[in-house]
Amino acid sequence: MRLRPPLGSPFQILLLACSFALAGYAGARLFADDWRGVALWLVGAALLHDLVLLPLYALADRALVRGLGSAGRREWTMYVRVPAALSALLLLVWFPLISGMVDQRYRSATGLSADGFLARWLLITAVLFGGSALLLAIRLSPPTRMRERGRLRRATKRRPPPVH
Amino acid sequence: MGRAPAAGALPAYRRIMRDDDPRLPSSPGFWRSPLRGTWFTSVLGLVLLVGITVLFVTGLVSYAAYNPDLSPVNDQTPGKGILGFYLFSWPTDPHWLYRFTQGLHVTLGITLIPVLLAKLWSVVPRLFALPPARSLAHALERISLLLLVGGGLFEFTTGVLNVQLDYVFPGSFYPLHFYGAWVFFAAFVAHAVLKVPTALRAVRRRQDERDGREQGGRERDGREQGGRERDGREQGGRELGGRELGGRERDGRGQGGREQGGLVTPRPVAPTVSRRGALWFVGGASLLLLATTVGQSIGGALRRTALLAPHGGTDPGAGPNGFQINKTAAYAGIDPRETGAQAWRLVVTGRGGTVRLSRDQLLRMPLHSSALPIACVEGWSTADQWWRGVRLRDLAALVGHDGDPPDLFVESLQRHGAFRRAALRANQVADPRSLLALYVNGEDLSPDHGYPARIIVPAAPGVLNTKWVARLTFGDL
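If you read the protein sequences in the order shown, they are chains E and R.
When we follow the numbering used here, the leftmost residue of the first sequence carries the number 34, and every step to the right adds one.
When we follow the numbering used here, the leftmost residue of the second sequence carries the number -12, and every step to the right adds one.
Same shape as in the complex, but just chain E (with noise of 0.2 Å):
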């Protein structure tokens, strides 16, 4: 026997009835003028999104989780995704500036000088992943009895205290 595809809730329906009739009487208005361009910038972005940046950056993540894995040295991934990840997110947000593509728009319109974008991220790059080495420097450096101490002492605070 088929089933009819169920309603599911009403309330459900009747609220994003709602919402498709606002987004419905602003879409009419924000599609007014370039509905080709706008529908492609709208679509568009979340299919960039959803299937092109986020893979990337999944593949990304995951070769670097095997590639330490396989050198043995898993617990080094935050280390590197960290550093990684920020810099790459300072790049994604601030790319115009910092490739220089508004470099003319820019100058003329503010007065300032464009140059110093593009040093700067790799200034803070450089600073992201030197701070994390110098982290990763920190736990390994000193003789394996201290690290053991301190995770004793982290694993001791969490256990109830022992019966004296």
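Please note: incorrect hints may appear among the correct ones.
Not close to chain R: a few residues of chain E, all C-beta gaps over 10 Å, as computed [said to hold, decoys possible]:
| no. | residue |
| --- | --- |
| 1 | Ala65 |
| 2 | Ala78 |
| 3 | Val85 |
| 4 | Ala93 |
| 5 | Val135 |
| 6 | Ala159 |
| 7 | Ala170 |
| 8 | Arg172 |
To spell it out: a stretch of chain R is covered by chain E in this simulated footprint if at least three of its residues, at any positions, have a beta carbon under 8 Å from a beta carbon of chain E; those stretches are [as the list claims (entries may be wrong)]:
| no. | segment |
| --- | --- |
| 9 | 62 to 72 |
| 10 | 258 to 265 |
| 11 | 309 to 316 |
These are calculated hints, taken from the structure and not from any lab test.
Glycine residues also receive a C-beta, built at the ideal position from the N, C-alpha and C atoms.
Once you have looked at the hints, place chain R on chain E.
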């Protein structure tokens, strides 16, 4: 094919194989991060709930600050219809009002980018979940999610590009960002109504469990074990969430981790970071963006800390005119010959007639001072500058509007730019701090700051502080 007994079972078998093949993103086993789960998504979602609400409100406030209902020249979205229902006369107090609301809008928007990305990452398995729709309500929800994700990314992208002067989007920024915000917000409200109860339950439940666990004195050391424990808890958390579970059960597929609506993976890899650590990571990324941006809105010595923000770093030149510029004279197409002492005359019109004033004549009128900032829609602003010039209400009195100044229509020498003409409301004209400024910080205005004369009004968006003023027309608009 052709084997009759298998025909009935085969499609179902195939479907199970298709849904469970971990090589396909439609299979929950394809997504292997042990971080994903209702709690993680809920925390990020609740942060966005608050943050995006603030963004929306400050965005609407910024729209009102332009006084778009006063005159067509202020209105970049004349077809707004009922979307301008809330508009009000923009006040002049406190004088840093727009500086604050718009600095908040832009800085918070940039700060929330990592949270938005993390939230989208945390729910990406849902995008590929099969069947595409379990019910009519679910189908509508998924369409709404396209508006939510597409609209959200559209708003963040247009905003981030606009503050960097990268006008690659399809049309003028104002209508795109304003109407886009309403489309996005329509989907955002629906999503919030549907999901906030689940999110709150997940967060509360996790809190209860942590309290319980701490009493029980269980250890959290073994990472591997920790991961498994968490997954177990997720299942518990989700059972309260009813709706998703119900849908899955009707599918007849609800088994173990699968009941999580595709969020908790059934095949977790060993974690490299705890969920808590991942949240710190996202928060740290937000903090980094905040720290390298907020200085452009605070100004002073902190401007140097805004390392990558468009109006961070240095000020353009030194001296009294060495503060941030929105558009230079060259950019606006100002010909120095038009602003010279012989050529430039300010034309002031009112019900009493028209007067033409040279800069020297203006300087012989009573001059007043006010300390006011420049605050741009792009989120950056300057500290208070010390302006000196003729009060707008004194100019109104000069052309027959004594005591009760009306609205004001301002025209610039500017050749192009959306705001080469701007309208100010009567309350802005009447404010004693509103000036036609001739000096700043004790010196003549520089060409880039509007020489020979510019408007400066407390709490008004930067573009309404018209530079290179040529004509003032007083009268009700």
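Going through the hints against the structure:
At roughly 7 Å, the least C-beta separation between E/Ala65 and chain R is not larger than 10 Å, which violates its mark as non-interface. At roughly 4 Å from the closest C-beta of chain R, the C-beta of E/Ala78 falls inside 10 Å, breaking its exclusion from the interface. Annotated as non-interface, E/Val85 keeps its C-beta farther than 10 Å from every C-beta of chain R; the closest such distance is 12 Å. Even its closest Cβ contact with chain R, about 13 Å, leaves E/Ala93 beyond 10 Å, as expected for a residue assigned away from the interface.
At the 10 Å boundary, the C-beta of E/Val135 falls inside the reach of chain R, the nearest C-beta of that chain being 5 Å off. Against chain R, the non-interface label of E/Ala159 holds: every CB pair exceeds 10 Å, the least being about 13 Å. With a closest Cβ-Cβ approach of about 19 Å to chain R, E/Ala170 is found to remain outside the 10 Å limit, as its non-interface label requires. The beta carbon of E/Arg172 is kept farther than 10 Å from every beta carbon of chain R, the shortest such distance being approximately 15 Å.
Given a C-beta distance limit of less than 8 Å, the hint that chain E covers the segment 62 to 72 of chain R holds, as 6 residues qualify and 3 suffice. Residues of the segment 258 to 265 of chain R lying with their CB closer than 8 Å to a CB of chain E number 3, which satisfies the three-residue condition for coverage. Look at the segment 309 to 316 of chain R against chain E: 5 of its residues bring a Cβ nearer than 8 Å to a Cβ of that chain, three or more, so the hint holds.
The structure does not agree with the numbered hints 1, 2, 5 stated previously, though it agrees with the rest.
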